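**Student:** The listed protein sequences correspond, in order, to chains A and B. Numbering follows full-length UniProt numbering, with no gaps: position 55 of the first sequence is 55. Numbering follows full-length UniProt numbering, with no gaps: position 97 of the second sequence is 97.
Rather than coming from a laboratory, the hints here were simulated on the basis of the structure. No experiment lies behind these values; they were computed from the predicted model shown. Possibly wrong hints are sitting among the right ones.
Some chain B residues judged to face chain A by a derived CB distance under 8 Å, without partners named [stated by the list, open to error]:
id, residue
1, HIS10
2, ARG11
3, SER14
4, HIS36
5, GLN88
Note that CB positions come from ideal geometry on N, CA and C, so glycine has one too.
2 protein chains.
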Amino acid sequence: MASATAHPDHRLISSEDVEGTEVYGIGDDKVGEIDHLIIDKLSGRVIYAVMSFGGFLGLGHSHYPVPWAALKYDTSLSGFRTGITEQQLRDAPEFSDDSWTDRNWETVTHRHYGVTPYWDASMHR
Amino acid sequence: MASATAHPDHRLISSEDVEGTEVYGIGDDKVGEIDHLIIDKLSGRVIYAVMSFGGFLGLGHSHYPVPWAALKYDTSLSGFRTGITEQQLRDAPEFSDDSWTDRNWETVTHRHYGVTPYWDASMHR
Chain A
1 MASATAHPDH RLISSEDVEG TEVYGIGDDK VGEIDHLIID KLSGRVIYAV
51 MSFGGFLGLG HSHYPVPWAA LKYDTSLSGF RTGITEQQLR DAPEFSDDSW
101 TDRNWETVTH RHYGVTPYWD ASMHR
Chain B
1 MASATAHPDH RLISSEDVEG TEVYGIGDDK VGEIDHLIID KLSGRVIYAV
51 MSFGGFLGLG HSHYPVPWAA LKYDTSLSGF RTGITEQQLR DAPEFSDDSW
101 TDRNWETVTH RHYGVTPYWD ASMHR
């Protein structure tokens with residue numbers, strides 16, 4: 001890793017190793033971790049991170065899909081940061097296995113977290 | 001799926017379900033399948049698909065990392081298409097677990113498959 005040709009950081013991760021990447025909230029508190037990612041096969045972009053909160057917030061659901069745009073990878077933490085609040089998670093739109101094919105759910109969810117829908121943002125990211 | 005709000009196709013896939021997505025070569029022949037993906041945590045883009053060829057080509061390696069740009073998802077096939085040839089796989093640059101952090105390996109590999117390096121193409125995809 002000391003090679004001049006090495007990446008400045010470990011940006012690349014196997015989809016098999018995604019599970020367990022930590023997510024930090026405001027103030028560097030760990031709030032949860034990535035359970036898995038939802039990927040658009042056409043564009044090759046990550047669309048959602050399904051986060052696990054492990055009971056931290058005492059929430060009913062243990063898994064929450066969060067738009068990728070609401071997370072930012074921080075190489076110094078080797079984890080993601082998010083500004084998502086506990087209240088946003090409590091109020092998040094209900095989801096099911098069919099939500100990924102439901103544009104209404106996707107629209108409401110992106111609006112809920114205050115991020116631009118990925119289908120409007122393809123040229124900006 | 002008949003809903004007006006449904007996606008026109010199942011574009012979104014869980015990282016947990018990536019394994020086994022089929023890859024077709026020229027002429028609709030199945031040449032292999034996706035074993036897993038390599039993802040850039042910063043940009044949220046898939047960078048490589050690690051393909052399994054299952055002995056189809058009688059190659060020494062069973063897994064080959066292929067730049068994402070060398071694959072194209074075809075919704076009618078529910079799989080990927082690629083123009084990569086057997087000879088390209090036979091001649092592919094050697095790789096190891098450290099290759100993901102080796103910009104030289106990445107440069108050579110993208111050149112080998114005739115695709116633009118992702119770090120040059122971020123505004124075009």
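**Student:** For each hint given before, does the structure comply? Return the numbers of the non-compliant ones in rising order.
**Tutor:** 5
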